[in-house]
Amino acid sequence: MSGVQLMNFDDETKRRDLRKMKTVATGFLVFASIVYLFCRWQESTGAGAWVGYVRA
127 MSGVQLMNFD
137 DETKRRDLRK
147 MKTVATGFLV
157 FASIVYLFCR
167 WQESTGAGAW
177 VGYVRA
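Under the working numbering, the first residue of the sequence shown carries the number 127, and numbering increases by one thereafter.
Just so you know, the hints here were simulated from the structure itself, not pulled from any lab data. A hint or two may mislead.
Claimed, not checked - Label pairs and their in silico Cβ distance ranges:
id, residue 1, residue 2, range
1, Asp136, Trp167, 45 to 53 Å
2, Arg145, Thr171, 36 to 44 Å
3, Lys148, Ala173, 19 to 27 Å
4, Gly178, Phe154, 20 to 28 Å
5, Ala173, Arg141, 26 to 34 Å
In this text, all values refer to a predicted model and were calculated from it rather than measured experimentally. Every residue gets a Cβ at the ideal spot worked out from N, C-alpha and C, and that includes glycine.
Go ahead and model the full structure; you've got the sequences and the hints to work with.
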């Protein structure tokens, strides 16, 4: 019986960890998108050449 309970605990832990990693990955994607859009906006306003390097 304890093997079944241990397996359920492991499954819940894996699900929680997976949800956490998905949240972190989505956060990184949103951050990168914001940086990209900011650099595109800076390029259109005539900012320095550094913007192209950051946007790349």
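* Asked: Is it true that the C-beta distance of Asp136 to Trp167 lies inside 45 to 53 Å, as the hint says?
  -> Given about 47 Å between the Cβ atoms, the range holds.
* To do: Starting from the range 19 to 27 Å, see whether the pair Lys148 and Ala173 falls in it by beta-carbon distance.
  => violated (34 Å)
* Confirm or reject the claim that Ala173 and Arg141 have a C-beta distance inside 26 to 34 Å. => Since Ala173 and Arg141 have Cβ atoms about 44 Å apart, the given range 26 to 34 Å is violated.
* Are Gly178 and Phe154 spaced within 20 to 28 Å by their CB atoms? -> holds (22 Å)
* To do: Mind checking the hinted window 36 to 44 Å against the Cβ distance between Arg145 and Thr171?
  => holds (39 Å)
Of the numbered hints stated above, those contradicted by the structure are hints 3 and 5, listed in ascending order.
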